[in-house]
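A.B. asks: Protein chains in written order, with this note's numbering: chain A, 1 to 315; chain B, 1 to 386; chain C, 1 to 379.
Derived by calculation from the structure, the hints in this document are not laboratory data. From a predicted model like this one, the values you see are computed outputs, not experimental measurements. Glycine included, every Cβ here is placed at the ideal spot set by N, Cα and C. Certain hints may be false.
Unchecked claim - Derived pair list, reagent style SDA-like, types lysine to any residue, alpha-carbon separation capped at 20 Å:
id, chain 1, residue 1, chain 2, residue 2
1, B, Lys114, C, Val169
2, A, Lys137, B, Pro226
3, A, Lys116, B, Gly219
4, A, Lys116, B, Pro226
To be verified - Heads up, incomplete: computed chain B residues facing chain A, CB under 10 Å, no partners named:
id, residue
5, Met1
6, Lys7
7, Lys92
8, Gly107
9, Lys109
10, Arg168
11, Ala169
12, Thr170
13, Lys173
14, His176
15, Met220
16, Asn223
17, Lys384
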Amino acid sequence: MAEKKLAIKVNGLVKRYKELLALDHFDLEVEEGEIFGLLGPNGSGKSTTMNCILSLLSYDSGEIEVFGQKMNPDSYDLKRRIGVVMQNVAVFNELTVYENVDYFCGLYVTDKNLRKQYVEEAIAFVGLEDYKKFLPKKLSGGLLRRLNIACGIAHKPELIFFDEPTVAVDPQSRNNILEGIQKLNEQGATIVYTSHYMEEVEQLCNRILIMDKGRKVAQGTKDELKQMSKNTETIRVEVFGITEEQVAQFKGLAHIYDVQMEDGFMKLSFDGGSHNLIRIMELLKNEDIKYGRVTSELPTLNDVFLEITGKELRD
Amino acid sequence: MFGHIFKNAIKVAVREKTSLFWSFIFPIVLATFMFIAFGNIMEKDELFHEIPVAFVKEEGASLGLSYMLEAMGEGEEAMLSVQTVTAEEAQKLLDDKKVEGIIYEDGCKLVVLKESMNSTILEEILLLYKQNETVMMDMLASSTMQLAEDAASVPGDLEELVKGMTERATYYKEVHFTEGSQNKYYNYFYAIFAMSCLFASFSAMSSIGRIQADCGALGMRRNMVPTHKMLTIVAEFTALLLIQFLAEVIALGYMALLGMDFGSRIPFILLILFFGVSIGLAIGTIVGSVKKIPEAGKVGICVAVGMVLSVLADLCVGGLKHQLELHAPIINRINPAALITDSFYSLGVYDDYGVLFRNVATLGIETVILLVIAYLMVKKSRYKEL
Amino acid sequence: MQNFKLFFKILNRYKGQMIMFVGIFASVIISVTKSNSASGDATSYMSRTVQYALFDEDQSVLSGAIAAYLAESQELVENIPNEKRALQDAIYNGDIDCSLVIPAGFGDALLAGDGQEDLQIVTYADSQEAVLFETALDNYINILANYLQLGYDAENAVIQANRVMDLTVDVTFPDGGEVKDFNPAHFFFIYLAWVMIMIIVNGVGPVLSAFKEKECSRRIYCSSCKFSSLQGSMYAGMAVLGTVLTIFFAVLGSIIVGKNVSLNRILLYGVNLLCYTVVALSLVFLFSAITRKQAVLSMLANVVSLGMSFICGIFVPMELLSDGVEKAAHFLPAYWYGQAVELADKGLMGKEFMGCLGIELLFAVAIFVVAAVVNRKNA
Numbered sequence: 001m002a003e004k005k006l007a008i009k010v011n012g013l014v015k016r017y018k019e020l021l022a023l024d025h026f027d028l029e030v031e032e033g034e035i036f037g038l039l040g041p042n043g044s045g046k047s048t049t050m051n052c053i054l055s056l057l058s059y060d061s062g063e064i065e066v067f068g069q070k071m072n073p074d075s076y077d078l079k080r081r082i083g084v085v086m087q088n089v090a091v092f093n094e095l096t097v098y099e100n101v102d103y104f105c106g107l108y109v110t111d112k113n114l115r116k117q118y119v120e121e122a123i124a125f126v127g128l129e130d131y132k133k134f135l136p137k138k139l140s141g142g143l144l145r146r147l148n149i150a151c152g153i154a155h156k157p158e159l160i161f162f163d164e165p166t167v168a169v170d171p172q173s174r175n176n177i178l179e180g181i182q183k184l185n186e187q188g189a190t191i192v193y194t195s196h197y198m199e200e201v202e203q204l205c206n207r208i209l210i211m212d213k214g215r216k217v218a219q220g221t222k223d224e225l226k227q228m229s230k231n232t233e234t235i236r237v238e239v240f241g242i243t244e245e246q247v248a249q250f251k252g253l254a255h256i257y258d259v260q261m262e263d264g265f266m267k268l269s270f271d272g273g274s275h276n277l278i279r280i281m282e283l284l285k286n287e288d289i290k291y292g293r294v295t296s297e298l299p300t301l302n303d304v305f306l307e308i309t310g311k312e313l314r315d
Numbered sequence: 001m002f003g004h005i006f007k008n009a010i011k012v013a014v015r016e017k018t019s020l021f022w023s024f025i026f027p028i029v030l031a032t033f034m035f036i037a038f039g040n041i042m043e044k045d046e047l048f049h050e051i052p053v054a055f056v057k058e059e060g061a062s063l064g065l066s067y068m069l070e071a072m073g074e075g076e077e078a079m080l081s082v083q084t085v086t087a088e089e090a091q092k093l094l095d096d097k098k099v100e101g102i103i104y105e106d107g108c109k110l111v112v113l114k115e116s117m118n119s120t121i122l123e124e125i126l127l128l129y130k131q132n133e134t135v136m137m138d139m140l141a142s143s144t145m146q147l148a149e150d151a152a153s154v155p156g157d158l159e160e161l162v163k164g165m166t167e168r169a170t171y172y173k174e175v176h177f178t179e180g181s182q183n184k185y186y187n188y189f190y191a192i193f194a195m196s197c198l199f200a201s202f203s204a205m206s207s208i209g210r211i212q213a214d215c216g217a218l219g220m221r222r223n224m225v226p227t228h229k230m231l232t233i234v235a236e237f238t239a240l241l242l243i244q245f246l247a248e249v250i251a252l253g254y255m256a257l258l259g260m261d262f263g264s265r266i267p268f269i270l271l272i273l274f275f276g277v278s279i280g281l282a283i284g285t286i287v288g289s290v291k292k293i294p295e296a297g298k299v300g301i302c303v304a305v306g307m308v309l310s311v312l313a314d315l316c317v318g319g320l321k322h323q324l325e326l327h328a329p330i331i332n333r334i335n336p337a338a339l340i341t342d343s344f345y346s347l348g349v350y351d352d353y354g355v356l357f358r359n360v361a362t363l364g365i366e367t368v369i370l371l372v373i374a375y376l377m378v379k380k381s382r383y384k385e386l
Numbered sequence: 001m002q003n004f005k006l007f008f009k010i011l012n013r014y015k016g017q018m019i020m021f022v023g024i025f026a027s028v029i030i031s032v033t034k035s036n037s038a039s040g041d042a043t044s045y046m047s048r049t050v051q052y053a054l055f056d057e058d059q060s061v062l063s064g065a066i067a068a069y070l071a072e073s074q075e076l077v078e079n080i081p082n083e084k085r086a087l088q089d090a091i092y093n094g095d096i097d098c099s100l101v102i103p104a105g106f107g108d109a110l111l112a113g114d115g116q117e118d119l120q121i122v123t124y125a126d127s128q129e130a131v132l133f134e135t136a137l138d139n140y141i142n143i144l145a146n147y148l149q150l151g152y153d154a155e156n157a158v159i160q161a162n163r164v165m166d167l168t169v170d171v172t173f174p175d176g177g178e179v180k181d182f183n184p185a186h187f188f189f190i191y192l193a194w195v196m197i198m199i200i201v202n203g204v205g206p207v208l209s210a211f212k213e214k215e216c217s218r219r220i221y222c223s224s225c226k227f228s229s230l231q232g233s234m235y236a237g238m239a240v241l242g243t244v245l246t247i248f249f250a251v252l253g254s255i256i257v258g259k260n261v262s263l264n265r266i267l268l269y270g271v272n273l274l275c276y277t278v279v280a281l282s283l284v285f286l287f288s289a290i291t292r293k294q295a296v297l298s299m300l301a302n303v304v305s306l307g308m309s310f311i312c313g314i315f316v317p318m319e320l321l322s323d324g325v326e327k328a329a330h331f332l333p334a335y336w337y338g339q340a341v342e343l344a345d346k347g348l349m350g351k352e353f354m355g356c357l358g359i360e361l362l363f364a365v366a367i368f369v370v371a372a373v374v375n376r377k378n379a
């Protein structure tokens with residue numbers, strides 16, 4: 001099997017903010033062509049990692065390579081291949097949508113005609129054709145984020161960093177953004193996507209690294225990660241007038257490892273087996289327990305995180 | 001790439017309407033105030049209004065002082081407006097501030113309410129009178145003695161003498177270095193230029209802030225572009241230089257409209273303004289490059305630096321510059337505000353431009369040094385914190 | 001109380017800037033006061049002592065007398081060569097205002113009744129200092145010439161002329177007090193009209209701007225805190241700060257000039273300063289209602305403080321300004337501050353002094369009202 005080329009390689013990265021250890025011997029490998037997710041709660045070190053890779057932040061020790069070369073502040077050739085979509089909107093308030101995209105694209109692409117084409121494509125890509133002459137202050141939060149993206153990708157970079165691009169964004173814009181990222185990847189860009197929203201990461205990313213307190217907690221595809229969790233299924237049943245003895249009976253079901261009562265719902269956690277729901281329904285019928293709503297959930301990354309760290313992803 | 005960044009910087013600067021407005025309006029408003037304050041003085045050297053004074057006569061006194069005061073109160077260019085009144089009336093006029101002072105014929109005394117330019121002028125007038133009176137008395141005494149010796153020749157001699165005394169001769173001739181006028185009050189207008197050049201620092205300070213990653217997301221993005229920082233700094237600096245220089249040129253035009261005569265010196269004035277704006281922008285660039293100070297603090301530093309340099313160059317109040325010249329002249333040689341105003345001053349003192357060029361060259365060198373230092377400060381592109 | 005405390009918490013974050021401004025302007029005002037004290041002339045906007053170089057090529061009794069007279073009344077600067085470049089440099093550097101050349105034979109010419117326009121005064125065109133010098137010079141020589149015409153010989157003419165030049169005029173105040181040549185306290189306190197606005201707008205501006213930061217101000221206005229309560233807290237905070245600054249400068253003033261000035265006058269200056277500080281606070285309140293940008297606040301401070309200082313008799317004595325300007329100045333608070341300073345110079349705390357203070361406070365109230373309306377509109 002051909003060895004996959006690495007877009008980013010990080011080895012033993014250590015970064016301290018005075019006494020706070022933000023990154024603790026952190027390793028990372030991103031393959032070319034993939035969408036790589038960096039997932040973790042607030043303060044886990046996602047943005048710090050990204051800024052170190054981009055040579056914006058100094059670090060105490062470790063090695064960072066981008067496209068096989070050491071990344072420095074004056075690695076202009078590398079910078080030409082990189083695009084960044086910052087967490088905060090990074091545009092000129094005094095320039096219109098078109099002018100902002102044109103300016104930033106122009107810092108990478110010197111050919112005027114080519115630049116014009118790229119700018120038009122970028123604006124169309126994020127769906128801001130009707131807003132070309134608008135100033136940023138006239139745009140809603142979602143549209144502003146789209147502008148932020150357009151400025152970061154207009155020059156068609158090979159490697160794009162997205163740092164929590166959907167924060168404070170309306171659902172429609174969020175979907176647009178996620179779809180757009182997938183399209184960019186299909187066009188050949190390697191994407192590094194940082195977020196604390198597991199749903200987005202699950203939806204988008206080929207491989208995911210979960211981090212906490214500057215350390216890697218787990219890494220793999222979403223399926224690989226989910227397999228790290230004991231839980232294979234969680235079934236919730238709304239029950240009425242159930243007794244403790246009856247609850248105890250459910251604990252005897254096959255593959256069940258936990259039964260909890262939560263706000264009128266009985267939560268049953270399974271670590272294997274199939275057709276668990278049928279067995280539950282049979283027991284409910286046999287015990288003549290009245291029930292209402294029933295839901296079944298597959299494990300989430302939050303479950304993985306909770307199991308490994310003992311806390312929720314969204315704290 | 002230079003053109004692309006330059007064009008963008010012009011757009012951004014022009015659209016920052018509030019800052020732009022004040023950059024252009026600041027020297028114009030100050031010039032207007034100055035013109036209101038000094039306009040009359042510049043047009044004519046004489047007093048433009050008569051000094052109201054009360055005169056209390058003394059019985060039996062000689063008429064010399066009366067005649068003199070009367071003469072000074074007549075005609076189109078009268079210096080005084082004299083009211084001859086009693087002592088009580090005079091005191092009331094003074095208390096009601098209807099006169100600047102009371103002249104008492106008895107003893108040729110002057111009473112005023114406060115020290116002022118007018119009280120000084122009244123004092124000078126009376127002093128002149130006393131001096132002339134003394135000379136006249138000596139003259140009469142001498143002619144009385146002559147009369148005893150030679151009765152025939154005295155009247156002619158006396159008339160000759162009085163005529164000689166009243167017709168004052170001028171014993172000097174002024175020699176100027178240059179042909180142009182260097183009205184002292186013009187210095188205050190040049191001071192406005194110096195101050196507004198230094199205030200150009202604000203725009204440069206904002207501009208460099210947008211290049212630094214630790215000053216916001218825009219700075220972070222601009223640190224990721226494949227463009228040398230020095231190129232960005234120079235391109236933005238050039239754009240701001242153009243705009244701020246234009247503001248100074250407009251101010252110059254406005255002052256010309258107000259009636260100031262710059263004569264044939266305009267090209268040199270433009271040269272001074274160009275370098276003056278450069279140093280102002282360079283100061284702003286370096287202040288903006290200092291890390292870990294919030295924007296408000298940087299503005300404060302720009303203001304403080306501008307004010308200190310201005311005050312050391314006698315721009316607001318006089319006296320300090322001369323003291324520095326005596327005890328620490330090197331400060332005047334490098335203080336940008338002093339260099340700017342001295343450059344204007346040199347146009348009236350020297351008939352060649354060596355000193356002018358030396359001053360603007362110093363400003364140019366200082367600009368380059370500051371820009372290089374600023375670049376070295378922002379060049380270090382990795383930050384400890386963002 | 002929350003907002004009052006917040007005012008000082010934010011001020012504390014900007015204390016470095018405030019201290020810097022106070023330090024700089026205090027140094028400026030001390031230097032200027034001492035510098036004017038060195039020249040020794042408080043009354044004259046134009047310096048009455050001219051610095052000059054003298055080249056006596058005549059070396060006669062009469063030229064010696066002229067030299068002696070000038071040396072006594074003006075300031076002779078020696079060691080400047082009589083060369084064009086050296087003179088230009090000396091004038092440019094401010095070492096001298098002009099130079100005088102007494103050519104050989106001038107004494108004889110004067111004795112013969114001639115000598116007109118023989119002396120050379122080298123200066124730059126329209127020099128005000130040169131005008132003063134020339135007036136004094138011509139006056140003396142004319143008197144000298146008068147005595148020569150009367151038949152006196154050179155030595156005796158000089159004696160007589162000097163006798164005449166020794167004459168003085170008795171100038172007093174109505175109460176008989178002597179018109180003093182110099183009052184350093186006047187300089188110190190009058191320039192505070194400019195300094196106070198600069199310090200307060202540049203120092204307090206950022207604090208008020210913080211209150212007006214878009215999201216924070218919206219959060220405050222959404223709270224149960226009444227608008228009047230918020231404004232009141234800010235007024236109270238500014239009142240405390242203003243009082244501290246006033247006391248600081250009054251104490252500084254009494255240290256710098258206190259030897260020459262009675263405590264009573266210092267108190268008058270201080271009370272006047274307090275009223276003007278209220279005006280300055282009202283101005284920063286108004287400016288920060290108009291803009292949050294620090295650079296614009298600073299420019300506003302400069303324009304207003306310098307503008308008022310020039311046309312209200314702070315930098316330039318009112319006598320030099322036209323009647324129209326003086327009338328217009330009545331509508332500016334700095335004018336009344338300056339008038340009160342002049343009354344305080346004489347230690348007069350009568351109706352007039354109180355009237356000036358009252359007008360200053362009225363200005364402050366009016367400006368506060370306007371600022372409050374603008375703030376409310378923008379809230």
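A.B. asks: Would you mind marking each hint as holding or not holding in the structure?
C.D. replies: Hint check:
1. Lys114/B - Val169/C: holds, 16 Å
2. Lys137/A - Pro226/B: violated, 28 Å
3. Lys116/A - Gly219/B: violated, 24 Å
4. Lys116/A - Pro226/B: OK: Lys116/A and Pro226/B at ~19 Å, within 20 Å.
5. Met1: Holds, about 7 Å.
6. Lys7: Holds: closest Cβ of chain A sits about 9 Å from Lys7/B, inside 10 Å.
7. Lys92: Check failed: Cβ of Lys92/B comes no nearer than 65 Å to chain A, outside 10 Å.
8. Gly107: Status violated, d = 74 Å.
9. Lys109: Where the cut-off is 10 Å and the nearest Cβ of chain A is about 69 Å from Lys109/B, the hint is violated.
10. Arg168: Result: violated, 67 Å to nearest chain A Cβ.
11. Ala169: violated, 69 Å
12. Thr170: Constraint on Thr170/B not satisfied, violated at 63 Å.
13. Lys173: violated, 61 Å
14. His176: violated, 51 Å
15. Met220: Nearest chain A Cβ about 6 Å off; hint holds.
16. Asn223: holds, 6 Å
17. Lys384: Result: holds, 6 Å to nearest chain A Cβ.
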